[in-house]
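If you read the protein sequences in the order shown, they are chains A and B.
Take full-length UniProt numbering: the final residue in the first sequence is number 212, and no numbers are missing along the way.
Take full-length UniProt numbering: the final residue in the second sequence is number 212, and no numbers are missing along the way.
Quick caveat, the hints were computed from the structure, so don't treat them as lab data.
A quick note: this is a predicted structure, and the numbers were derived from the prediction, not measured.
From the three backbone atoms N, C-alpha and C, an ideal C-beta is built for every residue, glycine too.
Heads up, some of the hints might be wrong.
[Unchecked claim] When the alpha-carbon atoms are kept at most 27 Å apart in a straight line, the in silico DSS-like pairs for lysine-lysine are as follows:
id, chain 1, residue 1, chain 2, residue 2
1, B, 142, B, 49
2, A, 49, B, 49
3, A, 172, A, 49
4, A, 172, A, 142
5, B, 142, A, 49
6, B, 172, A, 142
7, B, 142, B, 172
[As the list claims (entries may be wrong)] Each pair of labels, with its calculated beta carbon distance range:
id, chain 1, residue 1, chain 2, residue 2, range
8, B, 92, A, 58, 34 to 42 Å
9, B, 58, A, 118, 20 to 28 Å
10, B, 37, A, 117, 46 to 54 Å
11, B, 143, A, 138, 27 to 35 Å
12, B, 52, A, 106, 21 to 29 Å
13, A, 124, B, 58, 15 to 23 Å
14, B, 37, A, 66, 18 to 26 Å
15, B, 105, A, 62, 23 to 31 Å
Number of protein chains: 2
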Amino acid sequence: MTAFDPASLRLYLVLDPDLCGGAEGMIRTTQEALLGGVTFVQLRAPRWKKRAMAECARALLEVTRARGVPLVIDDHADVAFAVNADGVHVGQQDLAVDDCRRLLGAGKIVGLSINTPDEMRRAPVDLVDYVGIGPVFHQTTKRDASPALGLEGLRTIVEASSLPSVAIGGIKTENARAVTATGVDGIAVVSAVCGTRSPRDAAASLRSQIVR
Amino acid sequence: MTAFDPASLRLYLVLDPDLCGGAEGMIRTTQEALLGGVTFVQLRAPRWKKRAMAECARALLEVTRARGVPLVIDDHADVAFAVNADGVHVGQQDLAVDDCRRLLGAGKIVGLSINTPDEMRRAPVDLVDYVGIGPVFHQTTKRDASPALGLEGLRTIVEASSLPSVAIGGIKTENARAVTATGVDGIAVVSAVCGTRSPRDAAASLRSQIVR
Chain A
1 MTAFDPASLR
11 LYLVLDPDLC
21 GGAEGMIRTT
31 QEALLGGVTF
41 VQLRAPRWKK
51 RAMAECARAL
61 LEVTRARGVP
71 LVIDDHADVA
81 FAVNADGVHV
91 GQQDLAVDDC
101 RRLLGAGKIV
111 GLSINTPDEM
121 RRAPVDLVDY
131 VGIGPVFHQT
141 TKRDASPALG
151 LEGLRTIVEA
161 SSLPSVAIGG
171 IKTENARAVT
181 ATGVDGIAVV
191 SAVCGTRSPR
201 DAAASLRSQI
211 VR
Chain B
1 MTAFDPASLR
11 LYLVLDPDLC
21 GGAEGMIRTT
31 QEALLGGVTF
41 VQLRAPRWKK
51 RAMAECARAL
61 LEVTRARGVP
71 LVIDDHADVA
81 FAVNADGVHV
91 GQQDLAVDDC
101 RRLLGAGKIV
111 GLSINTPDEM
121 RRAPVDLVDY
131 VGIGPVFHQT
141 TKRDASPALG
151 LEGLRTIVEA
161 SSLPSVAIGG
171 IKTENARAVT
181 ATGVDGIAVV
191 SAVCGTRSPR
201 DAAASLRSQI
211 VR
């Protein structure tokens with residue numbers, strides 16, 4: 001496995017094609033958000049065909065690599081492989097972590113979504129680089145999301161984990177400081193950056209609240 | 001690339017989870033249809049999560065391998081890789097054929113959907129094992145299908161191709177003989193087998209019409 005740097009999780013942007021306005025919008029959002037301090041990018045386009053996803057991912061990689069920031073693909077390890085992305089992020093119903101690791105190899109990032117303490121206990125710690133824990137608060141961008149954990153629920157899972165972690169779900173400037181105080185390595189956002197007037201300002205504002 | 005046997009395309013079953021009644025139904029349909037003479041199976045479940053798809057594919061592989069029939073996965077090369085399926089089938093908007101070949105290796109099957117003479121001309125013949133040409137007739141199971149080719153349209157594409165080919169789209173016992181007379185190596189069916197009272201009888205009836 002790579003020597004994964006938990007500091008790269010500090011401000012984790014999940015791109016949403018609808019909020020950003022398609023491929024062009026996601027590329028522009030990424031460019032701006034990187035200037036605002038984003039440290040990690042995930043391409044998540046669950047309703048897109050893979051040809052379009054791969055094309056967009058290749059364009060995004062030019063942007064992220066220029067700033068040394070990782071780009072992972074949500075769900076589709078085959079797309080990650082095809083475009084030589086930095087890794088894949090999978091949920092509990094997606095391809096198993098060991099299959100992703102076998103497909104992508106030791107040098108790539110494999111992230112896993114965690115919604116409950118039990119899922120955290122069952123996470124294959126030797127195969128996963130980081131966990132995404134959430135949703136912390138009520139959120140609107142993920143249709144099939146689990147119930148919100150709240151700050152105490154988040155803290156319980158973080159404290160039980162030895163893996164680098166990023167919190168997700170309803171995080172914005174107003175609550176970012178309280179979230180990072182639970183011990184997570186970073187925060188992940190969708191609508192707090194995607195579709196905002198200035199993704200750069202939005203990212204900078206979030207970044208200023210991260211106390212770690 | 002494998003020494004792909006065009007005879008395996010003779011009667012090609014595309015599994016539909018809705019018509020078959022879920023994973024159990026697809027496994028039962030496959031068992032019966034193989035007894036009726038099906039020579040190739042594709043798992044196509046575009047709205048399923050990959051964990052469930054992989055689980056179902058593993059169960060299907062036990063059934064198909066016992067009879068020496070290939071099983072390919074629609075669209076998801078990563079699932080095909082994870083379960084060690086016999087290959088993948090991709091459409092024009094899915095992952096590119098060269099990426100699938102690179103991911104799965106030379107020993108696996110890569111099939112490509114072709115809807116127009118132009119797509120046939122642009123098909124990477126050195127990387128593809130077979131093409132699926134269609135839709136021949138009006139069909140109801142694929143939501144985003146192209147306009148029907150008709151028998152003459154099919155024949156034009158088949159004659160322009162050096163690759164093994166299977167025709168798809170609205171094929172049933174009544175028109176199967178006319179379809180095979182265009183020169184294709186086989187016919188692919190969905191609703192002519194999935195969801196019928198006896199998939200075995202349905203397959204045997206289709207098989208009896210294949211003149212090649």
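Results of checking the hints against the structure:
Taking the CA atoms of residue 142 (chain B) and residue 49 (chain B), the gap is near 18 Å; set against the 27 Å cutoff, the hint holds. Restraint check for residue 49 (chain A) and residue 49 (chain B): the C-alpha separation of about 15 Å stays at or below 27 Å, so the hint holds. Between residue 172 (chain A) and residue 49 (chain A), the direct Cα distance comes to roughly 30 Å. Violation of the 27 Å bound is thereby established for this hinted pair. For the hint linking residue 172 (chain A) to residue 142 (chain A), the alpha-carbon distance of about 16 Å falls within 27 Å, and the restraint holds.
Restraint check: the Cα-Cα separation between residue 142 (chain B) and residue 49 (chain A) comes to about 15 Å, which is no more than 27 Å; the hinted pair holds. With a CA separation close to 41 Å, the supplied pair residue 172 (chain B) and residue 142 (chain A) exceeds the 27 Å bound. A C-alpha spacing of about 16 Å is found between residue 142 (chain B) and residue 172 (chain B), which places the hinted pair at or below 27 Å, so the restraint holds. Taking the beta carbon of each, residue 92 (chain B) and residue 58 (chain A) are about 18 Å apart, not inside 34 to 42 Å as hinted.
Between residue 58 (chain B) and residue 118 (chain A), the C-beta spacing of about 24 Å keeps the proposed range 20 to 28 Å intact. Look at residue 37 (chain B) against residue 117 (chain A): about 52 Å separates their beta carbons, and that is inside 46 to 54 Å. The hinted window of 27 to 35 Å between residue 143 (chain B) and residue 138 (chain A) holds, with their beta carbons roughly 33 Å apart. Between residue 52 (chain B) and residue 106 (chain A) the beta carbon distance is about 27 Å. The supplied range of 21 to 29 Å therefore holds.
Checking the proposed 15 to 23 Å range against residue 124 (chain A) and residue 58 (chain B) shows it holds: the Cβ atoms sit about 19 Å from each other. The hinted window of 18 to 26 Å between residue 37 (chain B) and residue 66 (chain A) is violated, with their beta carbons roughly 57 Å apart. Roughly 28 Å separates the CB atoms of residue 105 (chain B) and residue 62 (chain A), a value that falls within the hinted 23 to 31 Å.
Hint compliance for this structure: hints 3, 6, 8 and 14 are broken, all remaining hints hold.
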